[in-house]
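> Spelled out from the first residue to the last, the chains are:
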Amino acid sequence: MQYNHIVIRFGELSLKGKNRRHFESQLRETVRKKLSPFTNAVVLKSYDRILVEINGEDHEKMVAKLQEVFGIHAISLAIRAENELESIKEAALATFLKNGQGPKTFKVSARRSNKHFPVGSMELNREVGGHILKNTENVSVDVHHPDIDVKVEVKDNGTFISCETYPGAGGLPIGVGGKALLMLSGGIDSPVAGYLTMKRGVRLEAVHFHSPPFTSERARQKAEDLMQELTRYGGKLKLHIVHFTKIQQLIKEKIPASYSMTIMRRMMLRIAERIAEERNAMAIANGENLGQVASQTMYSMHTINEVTNLPIIRPVVTMDKLEIIDISQKIGTYDISIRPYEDCCTIFVPAAPKTKPKREKANRFEQALENMDELIQEAVDTIETVTFEEQKERTEFEDLF
Amino acid sequence: MIYFDNSATTKPYKEVLDAFVTVSQTYFANPSSIHSKGGETERLMLQARKTVAGLLSVKPNEIIFTSGGTEGNNTAIKGIALKHQERGKHLITSEVEHASSYETFHYLESLGFEVTYLPVNGKGEISLEQLENSIREDTILVSLIHVNNEVGTIQPVVDAGKILKKFPKVFFHVDHVQGIGKVPLNLKEAAIDLCTMSGHKFHGLKGTGILYKREGVSLSPLLTGGEQEINVRAGTENVAGIVSIAKALRMSFDKMDAGVETMNRVKEQILEGLSDIQGISINTPADGSPHIINFSVDGVKPEVLIHTLDQKNIYVSTRSACSSKQAGPSRILMAMGLGQKRANTAIRISLSYENTLEEAEIVLKELKNAVVQLQTVMG
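Same order as they appear, the protein sequences are chains A and B.
Taking the working numbering, the leading residue of the first sequence gets 163, the next gets one more, and so forth.
Taking the working numbering, the leading residue of the second sequence gets 570, the next gets one more, and so forth.
Calculated from the structure, these hints are not laboratory results.
Hints may be right or wrong, so weigh each one.
Unchecked claim - Calculated pairs, SDA-like style, for lysine to any residue (alpha carbon to alpha carbon, straight line, at most 25 Å): (1) A:Lys227 x B:Ala622; (2) A:Lys483 x B:Ser787; (3) B:Lys628 x A:Lys207; (4) A:Lys227 x B:Lys647; (5) B:Lys606 x A:Ser378; (6) B:Lys934 x B:Met825.
Claimed, not checked - Computed beta-carbon distance windows for the label pairs: (7) A:Arg194 x B:Gly776: 30 to 36 Å; (8) A:Lys207 x B:Gly795: 37 to 43 Å; (9) B:Glu664 x A:Gln553: 17 to 23 Å; (10) B:Gly868 x A:Gln164: 38 to 44 Å; (11) A:Tyr461 x B:Asn800: 54 to 60 Å; (12) A:Glu560 x B:Asn800: 25 to 31 Å; (13) B:Ser787 x A:Glu551: 49 to 55 Å; (14) B:Gly795 x A:Arg194: 20 to 26 Å; (15) B:Glu796 x A:Ser208: 36 to 42 Å; (16) A:Asn297 x B:Lys692: 43 to 49 Å; (17) B:Leu791 x A:Arg501: 23 to 29 Å.
Unchecked claim - Some chain B residues judged to face chain A by a derived CB distance under 8 Å, without partners named: (18) Val592; (19) Ser601; (20) Ser605; (21) Arg612.
Backbone N, C-alpha and C fix where the C-beta goes; we use that ideal spot for every residue, glycine too.
Turn these sequences into a full structure, and let the hints steer you where they fit.
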């Protein structure tokens, strides 16, 4: 007997009262898009869960894809049986046996939400458990710490039996939490910040600062490749590339070296704020972290933050570097992030950036940038926007493969 | 021409060759060069790595491109042994490995490593119990061939991997050179740390190969002098070769389901036909790989039989191409306990997806004629 269904359970969603229907339909849409390469699979609505008919597709690959979807709490592979005791028993045994020769102990957890079904859940536990015991060797029941929990759920549309449950990505479905603009450098932290922001249901667009010829095409490529990775979690994503060379040169020329970093970041934030407004994003997200490098002290954050009123989401602000690396490896951005190309934040780094920059000094130095507003507007007007989609990877060399 | 020597090498797909030529002409820049042409080549290489990783259901950073099976086996085995020798100097392999593994283990013995060579039964299979019992405190590596190149025996590598999960300090390398495209292998399920593949065995080009190295496994590199291939293999990348092997792998996987079915039917027909010829004993186990048929012809020197068939434009082989020039009995058949006589007279037929039932029929006819004729002459 083959697995024929995938049962998707929601996490926090079930708590969200009135918005629930909106959340659920949002999630179902994401799941549908996610599974679109599996052309035979059918995504069905069911009360408090999403049901997927596998229809002969590769269920392991489907589970792996579903594990990238925020808002999913758990994913189970299930065999559907008719609401009839004998077929339930048979399917339960088949499901149990799928889990290899390994398991020594098990329990059955039956739930009967279809009250028309004549057998009660206690009795179902006994019947199904007895059937498994009779047809296996060296297997016993342990209701407290079983190796395997055989879940039997009697629903109106059939009974679903599952033992294999995979954790989902958690969080909230993308799209229920407004939109934010991510400042994406190309390093390890910012893609992780983007991932974690999306995890709270936030739709993302990103901005990347590009300073040719001081930064190379490969640095830009890095940002693009990171976006492509993030589409696995965020679906369709836009990246706005800001041509930053002119401003950066001006800063180098007019601002004292010890404050050049602070002011560069203030300029970036001003530009990001302007783009956010144009794109209807209500917040800015970035990979800032406290105390990691000289430019990321609280003083620095205080001085840089002065230039915007938008909320800044800093998901990795309290994390250790190793925690951030862990996540970046898990989400597949690490190997891209460590490619050794300089980005805007690392060129023109002064020998001794100020670790305690002050707002008033920053404001004073900035007066040297006379036409600041024009510079910002020019940068915003000349952005290049690239769109990324999960199933539409770059096709540059397609004919060669 | 009937080419039945696909375990020695296969004919490259035309599309694979075309891709190689295009890349060599158009994307010839060094991927490590900083200029945009280098960047372009680097992107192309990344794309190839991604394609291969996707096909094998692993991560791109787990793919190392090599020059082929011999390099893969050497890199994996020596790489683990040299890197982790402070932890132990005991290695486990089998009696039926390909020479590129087997001889590497002999070499490591000369460096002071201790090697357990697991014996095999009459089908050419190791015993899992014996494998488990051979593991010691100082064991650092188990290396097994998935599909034997001479007889086609499939080793229970998935079950071996499940046993080795209990010994997290022991690395597990699988030589998948003959298996890829013929006998599916789920690298994750078998808990494999390292897996060797070679391009020219699945219609790719000579000089191309893939070594899967699970994320987190560290190796001592065979070739030093550059950061290419995740620091495991220095040297300017063979980008055209890399693209061509990605293409060959994709094409093979696309054709695999139908191809394996064809091979099974051809194999079945050949086995049936062979049973009608006097003096022939089958060395291939019934549940072996779909593409290899090994048999011994009583009283006939295999070289003579090969030359006879050669005149009819039929190409088969004696044993592994890498050992075919050695005199003496086949090491593999001896290990299976089939005796000197059979080990001295073995012939190997190896199929590709392209072979047909018609070809099998012709070969059987010619083989029968040749055997009858030679048995009279030589007997």
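> Work down the list of hints and note, for each, if the structure agrees.
Hint-by-hint comparison with the structure:
{"no.": "1", "hint": "A:Lys227 x B:Ala622", "result": "16 Å, holds"}
{"no.": "2", "hint": "A:Lys483 x B:Ser787", "result": "22 Å, holds"}
{"no.": "3", "hint": "B:Lys628 x A:Lys207", "result": "33 Å, violated"}
{"no.": "4", "hint": "A:Lys227 x B:Lys647", "result": "36 Å, violated"}
{"no.": "5", "hint": "B:Lys606 x A:Ser378", "result": "12 Å, holds"}
{"no.": "6", "hint": "B:Lys934 x B:Met825", "result": "28 Å, violated"}
{"no.": "7", "hint": "A:Arg194 x B:Gly776: 30 to 36 Å", "result": "45 Å, violated"}
{"no.": "8", "hint": "A:Lys207 x B:Gly795: 37 to 43 Å", "result": "55 Å, violated"}
{"no.": "9", "hint": "B:Glu664 x A:Gln553: 17 to 23 Å", "result": "48 Å, violated"}
{"no.": "10", "hint": "B:Gly868 x A:Gln164: 38 to 44 Å", "result": "51 Å, violated"}
{"no.": "11", "hint": "A:Tyr461 x B:Asn800: 54 to 60 Å", "result": "39 Å, violated"}
{"no.": "12", "hint": "A:Glu560 x B:Asn800: 25 to 31 Å", "result": "30 Å, holds"}
{"no.": "13", "hint": "B:Ser787 x A:Glu551: 49 to 55 Å", "result": "36 Å, violated"}
{"no.": "14", "hint": "B:Gly795 x A:Arg194: 20 to 26 Å", "result": "46 Å, violated"}
{"no.": "15", "hint": "B:Glu796 x A:Ser208: 36 to 42 Å", "result": "52 Å, violated"}
{"no.": "16", "hint": "A:Asn297 x B:Lys692: 43 to 49 Å", "result": "30 Å, violated"}
{"no.": "17", "hint": "B:Leu791 x A:Arg501: 23 to 29 Å", "result": "24 Å, holds"}
{"no.": "18", "hint": "Val592", "result": "6 Å, holds"}
{"no.": "19", "hint": "Ser601", "result": "11 Å, violated"}
{"no.": "20", "hint": "Ser605", "result": "6 Å, holds"}
{"no.": "21", "hint": "Arg612", "result": "7 Å, holds"}
Hints 3, 4, 6, 7, 8, 9, 10, 11, 13, 14, 15, 16 and 19 from the list above are not met by this structure, while the remaining hints are.
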